[in-house]
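Let's have the full structure, built from the sequences with the hints guiding it.
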Amino acid sequence: MAVVFMLLSAVAASLLTVGCGRKSEAAADRMENVEAKAMLQGIWADEISESIVFKIEGDTIFYPDRTSRPARFVIIGDTLVMGEARVKYPIVKHTAHLFSFKNPNGDVVRLVKSSAPNDTIAFVHDSPEPMTVSPQKLKTDTVVVYGGERYHCYIAVNPTTYKVVRTSYNNDGVKVENVYYDNIIHVSVYHGTRQLYSRDFTKQMYSRLVPETFLRRAVLGHMEFGKVDARGFHFNSTICIPDGDSCYLLDTQITFDGEMSMELIEY
Numbered sequence: 515m516a517v518v519f520m521l522l523s524a525v526a527a528s529l530l531t532v533g534c535g536r537k538s539e540a541a542a543d544r545m546e547n548v549e550a551k552a553m554l555q556g557i558w559a560d561e562i563s564e565s566i567v568f569k570i571e572g573d574t575i576f577y578p579d580r581t582s583r584p585a586r587f588v589i590i591g592d593t594l595v596m597g598e599a600r601v602k603y604p605i606v607k608h609t610a611h612l613f614s615f616k617n618p619n620g621d622v623v624r625l626v627k628s629s630a631p632n633d634t635i636a637f638v639h640d641s642p643e644p645m646t647v648s649p650q651k652l653k654t655d656t657v658v659v660y661g662g663e664r665y666h667c668y669i670a671v672n673p674t675t676y677k678v679v680r681t682s683y684n685n686d687g688v689k690v691e692n693v694y695y696d697n698i699i700h701v702s703v704y705h706g707t708r709q710l711y712s713r714d715f716t717k718q719m720y721s722r723l724v725p726e727t728f729l730r731r732a733v734l735g736h737m738e739f740g741k742v743d744a745r746g747f748h749f750n751s752t753i754c755i756p757d758g759d760s761c762y763l764l765d766t767q768i769t770f771d772g773e774m775s776m777e778l779i780e781y
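Counted from 1, the sequence shown has number 718 at position 204 by my numbering; the numbering is strictly sequential.
Hints listed in this document are in silico derivations from the structure and should not be mistaken for laboratory results.
Keep in mind that this is a model prediction, so the values were computed, not measured.
A hint or two may mislead.
[Stated by the list, open to error] For lysine-lysine, the following DSS-like pairs were computed, each having C-alpha atoms within a straight-line distance of at most 27 angstroms:
#: 1; residue 1: Lys627; residue 2: Lys653
#: 2; residue 1: Lys627; residue 2: Lys602
#: 3; residue 1: Lys627; residue 2: Lys689
#: 4; residue 1: Lys551; residue 2: Lys607
#: 5; residue 1: Lys689; residue 2: Lys741
#: 6; residue 1: Lys627; residue 2: Lys607
Okay, structure coming up:
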């Protein structure tokens, strides 16, 4: 019995040691690599093109363009983890002057630390400068005739300070977030001097036809007069991802009695 007890005790101790070892390894994997982060401080450029890719200061990555938001990052083990989405970039090699990693496409990006004094000029801004997405004509007046009667349609695109964030990847496959301003569009319809309809349109008004996940990343681009028929006045509205090809085209209808309705034309 004593021998059996000793054997069981040895097995239990061994399992406990292995278990503790695994927990220690897991904890180590979750710990931030402070030394690697310290080596990353500075401005990094593409090894071949010598174009500036980003600047690392503290725990934040800054981009040289004026529309990309800075991103927080950590280094866990041999992986660069970036942003709230925690996008992971496996580190291939990291020295004081060379930093190479794999982007989400599996391509190896090789960066070298810049020592050119003039490169700091690209980072005179700490916060992104949002871009406005507006059509060439911010105001349009259209006179239409239907049933022998004259009608006047007025449209005004008003840029707002409501920000929309678009996520994309730069030429090196690094995830960046660009900031844009959304629009509010005012539409008025008159029959002579009598106002039939007047309202400000926002993208949220189309939530019944456009998924919420798309609306959050899109802007109300523009609205233009389409046609007039027995149903009333038709205005073509677009809700699009900024600088992208994804759009919802919608028909905003206003009747002669001043009632408004919406229909999806295409996506």
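Quick rundown of the hints versus the structure:
Distance restraint check for Lys627 and Lys653: the Cα-Cα separation of roughly 49 angstroms exceeds the 27 angstroms cut-off, and the hinted pair is therefore not satisfied. This hinted pair checks out: Lys627 and Lys602 have alpha carbons roughly 21 angstroms apart, not beyond 27 angstroms. Restraint check for Lys627 and Lys689: satisfied, since their Cα atoms lie roughly 20 angstroms apart, inside the 27 angstroms limit. In summary, the hint linking Lys551 to Lys607 is supported, as the alpha carbons are separated by about 13 angstroms, within the 27 angstroms threshold.
A hinted pair counts as satisfied when its Cα atoms are at most 27 angstroms apart, and Lys689 with Lys741 does not qualify at roughly 42 angstroms. A distance of roughly 13 angstroms separates the Cα atoms of Lys627 and Lys607; the hinted pair therefore holds under the 27 angstroms criterion.
Violated hints, in rising order: 1, 5; the structure is consistent with all others.
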